[in-house]
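Trainee: All chains, please: the whole structure from these sequences, using the hints.
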Amino acid sequence: MSNVLNFLRLTPDSTLPLYQQIQDNLLQLIDSNLLNTGDPLPSERQLSEVYGVNRMTVRQALDGLVRKGVVDRRQGTGSFVASFKPFTPTVVGFSQRMHEAGMNPSSRLLHREVITPEPLIAHRLHLKPDDRVIMLKRLRLLNDEPLMIETSYLSYGMFPGLMQADVENESLYRVLKNDYGLVVQEAEHTMEPTLPNAYEAYNLGVPMNAPAMLVRVVAYSADNIPIEMSKAVVRGDRCRYFFRVNTRIPIMD
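According to this note's numbering, the stretch in the sequence shown is residues 3 to 255, in order.
The set of hints was computed from the structure by calculation and includes no laboratory data.
Take the hints with a grain of salt, since some may be wrong.
[Unchecked claim] The calculated DMTMM-like cross-link candidates involving lysine to aspartate or glutamate, where the alpha carbons are at most 25 angstroms apart (straight line), are: (1) Lys130 / Glu46; (2) Lys130 / Glu120; (3) Lys233 / Asp133; (4) Lys139 / Asp26; (5) Lys130 / Glu115; (6) Lys139 / Asp181; (7) Lys139 / Asp74; (8) Lys139 / Glu194; (9) Lys179 / Glu190; (10) Lys139 / Asp15; (11) Lys179 / Asp225; (12) Lys233 / Asp181; (13) Lys179 / Asp133; (14) Lys179 / Glu194; (15) Lys130 / Glu188; (16) Lys130 / Glu194; (17) Lys70 / Glu194; (18) Lys233 / Glu115; (19) Lys233 / Glu172; (20) Lys233 / Asp146; (21) Lys139 / Glu172; (22) Lys233 / Glu194; (23) Lys139 / Asp168; (24) Lys179 / Glu115; (25) Lys233 / Asp33; (26) Lys70 / Asp41.
In this text, all values refer to a predicted model and were calculated from it rather than measured experimentally.
Mentor: Next up, the structure:
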């Protein structure tokens, strides 16, 4: 439990209500396998102390996760992770998807820096606490219209050349393949509704209260090595997600 407490944090620049930020953070821990099905969540008192909010806010966050089927609340025992795991089976990058759709994708580099990652990022990329990562923040455009802001985190030790790579005119995944011989073979995706902050709204050309989609991705190589962790804020008026699920187990209504 103490390990999980180290990953509990709110997003300083988020415009979302505090209870929703808590929900988002707990969902990230579940997506990251820091909390697995059946694991107990920290108590309301612990969550209140770590997040620095009152217990009513914590209870509101947990109530929302219960309604979504993510958390089970057991009388007299506490709250536990339910059998919920979002996943979508696609590993095609943005540029390739858009080219295949007959559109013209492009990118504008907003920021590139070598940083010490937050604990959750280091955990997802299997890095040590003192390892560094390259943060790439790009504005992705479609037919010259801003579509999303994508922030990628990759190991600086593994990919130092990315600090000089042309990630505006070249696909990041193509650079990884050509320069490092690594191909993205599998990816985990999670998606949830969000609102852009002031910086995101300005670069996307939308109001701060405009609906958007927050998409998180962890991309893996064929050897199951995590290559990239990214998050993208996508304009809600310019996106649609299509899923086709193939399973041998009958889908019951």
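Trainee: What are the numbers of the hints that this structure violates, sorted from low to high?
Mentor: 1, 7, 14 and 16
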